[in-house]
Amino acid sequence: MLYSARNIKKIYNGRTVLDVPELSIRERKIHALMGPNGSGKTTLLHILSFVSAPTTGTLFYNDRPVQFVENLLQPLRKEVVLLDQHPILFSTTVYKNVEFGLKMRHVPANRRQRIVEQSLDLVGMRGFAKADAPNLSGGETQRVAIARALACSPRVMLFDEPTASVDVESRIAIENIIVDIQKEKDISVIVCTHNPLQALKLADETLFLFEGRPSASIFENVFSGDVIDVKGSRYCRLHDKVLIPVQTQENGRIKISINPKSIRVADSDETNGTAMSSRGRIFQITEEKNWIRMLVDIGIPLSVLMKRTEFDQRGIGIGREVFVTCFDYGVEVLGR
Amino acid sequence: MDFFVDSFLSALILIKALDPDLFNVVMVSLKVSTSSTLIAAVTGIPLGFIVAITRFRAKRVVITLLNTLLALPTVVIGLFVYVFISRRGIFGVFDLLYTQRAIIVGQVILIIPIVAIFTISAISRIDKRYRVTAMTLGADRFHTALVILREARFGIIAAVVAAFGRVISEVGISMMLGGNAKGFTRTMTTAMALEYDKGEFVLAVALGMILMSISLIMNILLNYFQGRTTV
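Protein chains in written order, with my numbering: chain A, 1 to 336; chain B, 1 to 231.
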């Protein structure tokens with residue numbers, strides 16, 4: 001096993017931001033680490049890259065426990081490279097940036113040049129070798145950062161939201177680069193993302209984190225609202241007009257997750273029993289294998305998954321006004 | 001007004017003719033100030049770096065102390081060092097008083113806080129991601145420190161330039177510890193003070209013009225490097 005973990009916790013100022021009782025990551029695969037913002041993805045990546053130590057618990061790398069002592073971490077850091085969400089390049093040329101890791105590994109100068117050129121070639125940035133690194137765009141910076149990491153010939157590459165701050169063109173290019181380098185170099189890759197589409201496209205296996213803890217699946221449509229009673233039924237009020245039926249004994253403010261597959265989209269108001277329809281407008285449509293994901297603005301952005309066959313039959317398009325209905329069986333109460 | 005114009009023109013002639021007395025005073029000033037700036041840089045930059053990147057309990061106290069030392073009057077330093085290096089002082093045996101080395105000692109004490117505080121400020125402004133990036137690319141502590149210093153280089157150079165500007169224009173330490181001995185410890189500022197006392201303004205004005213030119217160059221450099229830090 002490449003990584004395994006036992007009771008890893010990270011506590012900042014008395015607050016537990018990561019609590020992973022068990023974790024297993026296999027070698028030579030692309031793993032996606034998914035979860036909403038603040039779920040502890042970056043904290044876990046920092047531990048896996050040996051940049052930050054867990055407050056308690058044991059991390060195993062290659063089945064050996066990792067001792068978070070500076071001198072002992074040095075050789076491990078040479079095998080694992082972390083790419084930040086917003087990577088920063090040293091204020092020198094692109095070439096010298098990519099060369100940095102090689103110098104740290106005492107690679108001879110003639111070999112360094114060849115490796116730097118190959119790495120820049122892989123990310124399509126060879127023409128920028130002499131360019132001033134701080135003057136590059138977000139997408140170019142991300143690609144040079146990948147080349148810089150790649151040049152170190154790591155066993156593991158950890159990407160923290162690699163496409164969070166780039167345009168669509170760069171996003172596709174970076175996703176393709178990640179898949180290509182994993183195949184070509186036969187390395188292990190862990191990609192942190194909150195985009196299910198990206199995880200689906202890239203990963204062999206997916207790990208989910210929610211509020212610092214591993215979760216069986218990714219919670220979607222996570223909202224906070226107040227529990228209210230209407231005609232004997234319980235609802236979570238998310239917005240002035242949006243009422244989501246819930247089965248809970250809790251009162252006051254709660255956090256819920258609505259399964260996007262359980263949401264019904266109709267052309268007319270289907271309020272019936274406890275189910276309350278909300279009027280909205282479709283503002284984004286994307287494809288996920290046999291499903292179509294629609295984002296509907298009902299005062300809050302609601303993600304809905306519809307079977308492709310149904311979507312094709314109904315001829316739904318962007319901008320269309322629809323009624324969405326949520327049912328209590330598709331709503332999970334996550335806590336307060 | 002004529003008096004001032006005459007002094008100004010005579011001073012220009014002195015400068016143009018590279019008057020030996022004037023030249024000697026300028027060289028002593030530059031030698032002493034450059035030496036003290038180099039020593040302060042060698043000690044103040046590492047001090048500032050360590051204070052900036054390490055976490056320790058008394059960190060705020062150290063920074064407050066260094067900030068307080070920025071306002072230390074040159075005459076206080078002069079007096080303080082005098083007590084130690086005068087014949088009756090504990091370093092009296094080294095016979096430092098009224099030498100260029102005595103001025104250098106005093107000036108180093110004056111500008112170490114300047115170099116350290118500017119360095120702390122320059123390092124603190126550097127993005128934290130540089131450290132993590134260097135570490136994750138396999139850099140050890142020493143190379144990680146070099147990366148941080150490199151990224152803060154313009155701010156640190158500005159610190160050294162500011163320190164040089166401070167010592168080249170100070171008068172208290174040079175007068176009290178150097179003794180204003182002609183050809184040995186007479187600096188531009190002490191020479192100007194003496195010429196003023198004598199009522200001889202030509203040399204004083206010439207020195208003033210050179211000092212102002214040096215200050216102007218230092219400020220241009222300072223602005224340049226401070227500008228680079230904010231790019």
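No wet-lab data here; the hints were simulated from the structure. Errors might be hidden in some of the hints.
Said to hold, decoys possible - Result set (SDA-like, lysine to any residue): computed pairs, CA atoms no more than 25 Å apart in a straight line:
#, chain 1, residue 1, chain 2, residue 2
1, A, Lys103, B, Ala145
2, A, Lys96, B, Asp127
3, A, Lys130, B, Ile126
4, A, Lys289, A, Asn176
5, A, Lys96, B, Ile126
6, A, Lys130, B, Leu149
7, A, Lys130, B, Lys59
8, B, Lys128, A, Ser137
9, A, Lys96, B, Lys59
10, A, Lys96, B, Thr144
11, B, Lys59, A, Val69
Claimed, not checked - Far from chain B by the CB rule (all over 10 Å, computed), these chain A residues:
#, residue
12, His46
13, Val51
14, Val66
15, Met104
16, Thr206
17, Arg293
Given the structure is predicted, the values throughout are model-derived calculations rather than measurements. We put the beta carbon where it would ideally sit given N, CA and C, even for glycine.
(request) Test the statement that Arg293(A) is away from the interface with chain B: the closest C-beta pair must be farther apart than 10 Å. (result) Holds: least Cβ distance 33 Å, greater than 10 Å.
(message) Please verify whether Lys289(A) and Asn176(A) have alpha carbons no more than 25 Å apart.
(response) Between Lys289(A) and Asn176(A) the Cα gap is close to 18 Å, so the pair holds against 25 Å.
(message) For Lys96(A) and Lys59(B), compute the direct alpha-carbon distance and say whether it is at most 25 Å.
(response) 35 Å, violated
(request) Please work out if Lys96(A) and Thr144(B) have their alpha carbons no farther apart than 25 Å. (result) With Cα atoms ~15 Å apart, Lys96(A) and Thr144(B) stay inside 25 Å; holds.
(message) With the threshold set at 25 Å, check whether the alpha-carbon distance from Lys59(B) to Val69(A) stays at or below it.
(response) 24 Å, holds
(message) If we take the beta carbon of Val51(A), is the closest beta carbon in chain B still more than 10 Å away?
(response) 5 Å, violated
(request) Beyond 10 Å from every chain B Cβ: check whether that's true for His46(A). (result) Check fails; 8 Å does not lie beyond 10 Å.
(request) Would you mind confirming whether the straight-line C-alpha gap from Lys103(A) to Ala145(B) stays at or under 25 Å? (result) 15 Å, holds
(request) Take a quick look at Thr206(A) and tell me if its Cβ sits farther than 10 Å from every Cβ on chain B, holds or violated. (result) 24 Å, holds
(message) Verify this label for me: Met104(A) is non-interface relative to chain B, using a Cβ-Cβ cutoff of 10 Å.
(response) 4 Å, violated
(message) Does Val66(A) clear chain B by more than 10 Å, comparing its Cβ with all Cβ atoms of that chain?
(response) At roughly 15 Å from the nearest Cβ of chain B, Val66(A) sits farther out than 10 Å, so the non-interface label holds.
(message) Check the hint pairing Lys96(A) with Ile126(B) against an upper bound of 25 Å on the C-alpha distance.
(response) 19 Å, holds
When each numbered hint is compared with the structure, violations occur for hints 7, 9, 12, 13 and 15.
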